[in-house]
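**Q** Next come the chains, spelled out residue by residue.
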Amino acid sequence: MSNPDSLLPLPPATFHILVALADDDRHGYAIIQDIAARTGGELKLSAGTLYRSIHRMLEQGLLAETRERPAPELDDERRRYYRITPFGTAVAKAEARRLAQLLRMARARGLAPEKP
Amino acid sequence: MRLYRILLRLYPSSFRAEYGEEMGAIFARRRRDVSGPLAIAALWTETAAEVIGNAAVVHWDILRQDLRYTARTLSRARGFALTAIAIVALGVGANTAAFSVTDFVLFRPLPFPEPDRLVKLWQLTPNYGNQQLSPANYRDLTRLSTSFERVGAYTNSSMNLIGDGEPERLQGAAVSFDLFPTLGVQPVIGRLFTAADDREGAPGTVLLSYRFWQAAYAGDESILGRRLTLDDEPFVVVGVMPRDFQFPTRTSSEFWRPLRLGDGNYEDRTDTFLYGMGRLKPGVALEQARAEMQVIAAQLERQYPKDNDHIGATVTDLRAELSRQSRMLLFALSGAASCVLLIACANLANLLLARALGRRQELAVRTAMGAGRERLVRQLATESLTLAILGGLLGVGVAVVAVPLLGQLVPQALPMAEMPSVDLRVLGIAALLTALTGIAFGMVPVMRAGGEGSLGGLREGARAGGGRKERLRSALVVFEVVASVVLLVASGLLIRALWKVQATDPGFRAEGVVSLRTALPLPKYESTAKRAEFYTRVLTDVRALPGVTSAAYISFLPMVMRGGIWPVTIPGRAQKATDDDNVSLRFLTPGFFATLGIPVHAGRDIRDSDTADAEFVAVVSESLARRYWPGQSVLGRHFSVAFHDRAIVGVVGDIRVRGLERESEPQVYLSYKQVPDGSIINYTPKDLVVKSSTPPEHLVPAIRGIIRRTDVQQPISDVRTLNAVVEMETASRTVQVRILGAFAAIAFLLAAVGIHGLLSFSVSQRTAEIGVRIALGAQRGNILAMVLRQGAWLAAAGVVPGVVLAYAAGRMMESLLAGVQPGDAATYLAAAGLCLVMTIGGSLVPTVRALRIDPVRAIRGSD
Numbered sequence: 005m006s007n008p009d010s011l012l013p014l015p016p017a018t019f020h021i022l023v024a025l026a027d028d029d030r031h032g033y034a035i036i037q038d039i040a041a042r043t044g045g046e047l048k049l050s051a052g053t054l055y056r057s058i059h060r061m062l063e064q065g066l067l068a069e070t071r072e073r074p075a076p077e078l079d080d081e082r083r084r085y086y087r088i089t090p091f092g093t094a095v096a097k098a099e100a101r102r103l104a105q106l107l108r109m110a111r112a113r114g115l116a117p118e119k120p
Numbered sequence: 021m022r023l024y025r026i027l028l029r030l031y032p033s034s035f036r037a038e039y040g041e042e043m044g045a046i047f048a049r050r051r052r053d054v055s056g057p058l059a060i061a062a063l064w065t066e067t068a069a070e071v072i073g074n075a076a077v078v079h080w081d082i083l084r085q086d087l088r089y090t091a092r093t094l095s096r097a098r099g100f101a102l103t104a105i106a107i108v109a110l111g112v113g114a115n116t117a118a119f120s121v122t123d124f125v126l127f128r129p130l131p132f133p134e135p136d137r138l139v140k141l142w143q144l145t146p147n148y149g150n151q152q153l154s155p156a157n158y159r160d161l162t163r164l165s166t167s168f169e170r171v172g173a174y175t176n177s178s179m180n181l182i183g184d185g186e187p188e189r190l191q192g193a194a195v196s197f198d199l200f201p202t203l204g205v206q207p208v209i210g211r212l213f214t215a216a217d218d219r220e221g222a223p224g225t226v227l228l229s230y231r232f233w234q235a236a237y238a239g240d241e242s243i244l245g246r247r248l249t250l251d252d253e254p255f256v257v258v259g260v261m262p263r264d265f266q267f268p269t270r271t272s273s274e275f276w277r278p279l280r281l282g283d284g285n286y287e288d289r290t291d292t293f294l295y296g297m298g299r300l301k302p303g304v305a306l307e308q309a310r311a312e313m314q315v316i317a318a319q320l321e322r323q324y325p326k327d328n329d330h331i332g333a334t335v336t337d338l339r340a341e342l343s344r345q346s347r348m349l350l351f352a353l354s355g356a357a358s359c360v361l362l363i364a365c366a367n368l369a370n371l372l373l374a375r376a377l378g379r380r381q382e383l384a385v386r387t388a389m390g391a392g393r394e395r396l397v398r399q400l401a402t403e404s405l406t407l408a409i410l411g412g413l414l415g416v417g418v419a420v421v422a423v424p425l426l427g428q429l430v431p432q433a434l435p436m437a438e439m440p441s442v443d444l445r446v447l448g449i450a451a452l453l454t455a456l457t458g459i460a461f462g463m464v465p466v467m468r469a470g471g472e473g474s475l476g477g478l479r480e481g482a483r484a485g486g487g488r489k490e491r492l493r494s495a496l497v498v499f500e501v502v503a504s505v506v507l508l509v510a511s512g513l514l515i516r517a518l519w520k521v522q523a524t525d526p527g528f529r530a531e532g533v534v535s536l537r538t539a540l541p542l543p544k545y546e547s548t549a550k551r552a553e554f555y556t557r558v559l560t561d562v563r564a565l566p567g568v569t570s571a572a573y574i575s576f577l578p579m580v581m582r583g584g585i586w587p588v589t590i591p592g593r594a595q596k597a598t599d600d601d602n603v604s605l606r607f608l609t610p611g612f613f614a615t616l617g618i619p620v621h622a623g624r625d626i627r628d629s630d631t632a633d634a635e636f637v638a639v640v641s642e643s644l645a646r647r648y649w650p651g652q653s654v655l656g657r658h659f660s661v662a663f664h665d666r667a668i669v670g671v672v673g674d675i676r677v678r679g680l681e682r683e684s685e686p687q688v689y690l691s692y693k694q695v696p697d698g699s700i701i702n703y704t705p706k707d708l709v710v711k712s713s714t715p716p717e718h719l720v721p722a723i724r725g726i727i728r729r730t731d732v733q734q735p736i737s738d739v740r741t742l743n744a745v746v747e748m749e750t751a752s753r754t755v756q757v758r759i760l761g762a763f764a765a766i767a768f769l770l771a772a773v774g775i776h777g778l779l780s781f782s783v784s785q786r787t788a789e790i791g792v793r794i795a796l797g798a799q800r801g802n803i804l805a806m807v808l809r810q811g812a813w814l815a816a817a818g819v820v821p822g823v824v825l826a827y828a829a830g831r832m833m834e835s836l837l838a839g840v841q842p843g844d845a846a847t848y849l850a851a852a853g854l855c856l857v858m859t860i861g862g863s864l865v866p867t868v869r870a871l872r873i874d875p876v877r878a879i880r881g882s883d
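For the record, the sequence lines run as chains W and X.
Read in this note's numbering, the first sequence has 69 at position 65, and its numbers run on one by one without any break.
Read in this note's numbering, the second sequence has 720 at position 700, and its numbers run on one by one without any break.
It is worth saying that the hints were derived from the structure and are not from the lab.
Glycine included, C-beta positions come from ideal geometry on N, C-alpha and C.
Be aware that a few hints might be false.
[Stated by the list, open to error] Reference excerpt, derived from the structure (chain X facing chain W, CB under 10 Å, subset only):
hint, residue
1, G40
2, G656
3, Y703
[As the list claims (entries may be wrong)] Okay, the calculated beta carbon distance ranges per label pair:
hint, chain 1, residue 1, chain 2, residue 2, range
4, X, V77, W, R101, 50 to 60 Å
5, W, E46, X, R96, 42 to 52 Å
6, X, V77, W, L12, 13 to 23 Å
7, W, L12, X, Y89, 20 to 30 Å
8, X, R98, W, L12, 33 to 43 Å
9, X, V77, W, L103, 19 to 29 Å
10, X, W813, W, S10, 54 to 64 Å
All chains, please: the whole structure from these sequences, using the hints.
**A** Here it is, written out as structure tokens:
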């Protein structure tokens, strides 16, 4: 599973979770909120979709549960925090490249607006 | 919130434990954000759909993960996996095959609509039990009865077909027009017989079997209306019956012609040749119909006291004709197959148990790394089921191969196809067996893993194996030994029975005798002189062939035709209806006794000069002389048989007309010339026997040529050696022995594997202990004794109850044993001896391994 391309294309939920964890470790609910915020409320992951994706992503080595807790005042004892692994980052980059390529092709045929 | 928790139960419990709480929290927030009954309902609908979908995905993920893990572990333990799969395959395959055949013969509905309402009608006679009916009795019984919706009758018939090619002998039946409507069958093309077809003197009509239609006319539909010449008479084809219609039996169903009983047929009430078939009215039980038959029969007996003296009547279901042996055999087969499956399961349980013990460390490590108990259980269950399913698939393959083999056990007496097939129902049974096997042998290690999901395994290392578990494993091995002893004894008894039957003297010498049949058609050969001319020409030419020492014609070959029974009357002797005065009657040409090597003890053979003008004579077998004139000379004495008084001119040795396993009636042989024209036509000689030193493949074409030159329209059928006839007598026994023997061999092998597995495991577990013993000065002999003692104990513990059970099984299958005692000592000794061999064989490798243990390395290796 060392080749990031082997997992492509990623399911949308998986890609969103990777993006949500790209800059910071988050717990489950924070991931949902982050995705909702970035998509303008268009995509609200359900708890089931979130955790079964996380379950699989842990298995695939895209994520790791982190033992470092955030500052005590922000921490919630009961929560688990997740961090993107280097492999996860590589996979997210590969997926982004794939999507960009698709977009370029769509543009070349006038199916998508030019870069703003 | 409670409802959400219930929904969460759809997830695997490990997943729930991991994420359940947080999912609950997230859902709670969401729930707070909505208000209004409509919005709440929408949230719940969405959530329920979401949980169901996601739970399925998670289950699938885990299954995939487990399967990957299973594939990895099994490919690391390839020997174990292959053994386990092979064991399941054997068990499931043997069971599926045995079930297919047993179901096919004993339980599957016969291929007629509402077959439960179909019954067969019989006359009951004091000495022969169920017997065919005379037309008059059939007519009266069915006319007076109120039990039947419809009735029909038939009798076996064979006719010579003269067509474009070689003349052919066809086997079929003469049926009354109402028989097929009674059975509820329709032709594939054309029509059934009508009452008009079934009247005496009506133009000939015939129905053909599907198989014959395909073979002889390539399924050409223009066959309808075509004219065939059967026994020199024209018959018009009116229809073709369906492919699976095999009536009366699969060996005699090439054509059907109308029965056409005439007034003459109703005159003689003792001429019994009809099979009656009835369809019971809805709601009438077999017992009711039987009771009614008894009442009517009693009435007829009063009405016709002479002809119907002691004649009863009864009805039976269609499978009643299956012999007790056939039934017993199928039950024995199913029993043996179940034994094999049980042994297979026990062996697998043992294999997995040993493996689970060996894997305790692995499991403990996984537990320590955070795998929940449920995950481990699930993983092990996946592993067992994978093995079971692979084994089950292979088992279906085994069954597909085995069913045709077992199909040889299907008795010929049933109106059904020859070969049972592995059909969907049977596949279903196989699937069920597979699942059961999976659960059966999957449970043991799973329960163990479940019960001890602690770190104990890690600390103990691989040395565990403690008392209780070893006892369980020993018990399983003992059980295997028990079952294999039962199967060994059962097949041993059958082998003894086969030997005994094979050693039976048939009373004649079959070596070098070839036989074939030329059934002379009527009315062409109605006159005795015309037949005599045919026989004389054929026999003169055949006897002149190089290598031929003698040849003769006879009514029926022994063992091929077991009936042909006629009562005799002895002058001056009071005879009662209950006396058995029946003899096996045959008409023949001179030379029969010489051809079959039957000793002539006194007097002479039949001669060509024994004509209708000379004194009527008979040659009798010794047993007839003993029955009526014990200790006296019988030459010249008179008795009456076949409508005539006859003088005894010769006494010959008895032969086994009814086959090797049954005493026959005394035999009476009459001259083929001493019978009036058109009388007793069933008994006209039709089987030619030739003793020759020429091999059959050269002899038979020469005989065929002679018959063609004598009568170009005469078909030849049933070409066979007399040796083949005698071998047919033991053919089904040979098949039985082979099949049960195969089961016993499988059981034997599995039990040996079981002993081997247990001892190997126990030696490997005790390597350190044995090492210490050797270091402390134990002799090799002591170690040897220690391992062997364990093996011997297992064998002994299995043999004792095994022998008891085997005796019970032997008693149950006594009807298959041809008089061999179910407690036959030699068989039990042989079985016990084999068990000894099995134990030693199974202990060999572990013993050698124990003896080779190097004390220094053994003690060091355990830390």
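**Q** Among the hints numbered above, which are violated by the structure, and what are their numbers in rising order?
**A** The structure breaks hints 2, 3, 4; every other hint is satisfied.
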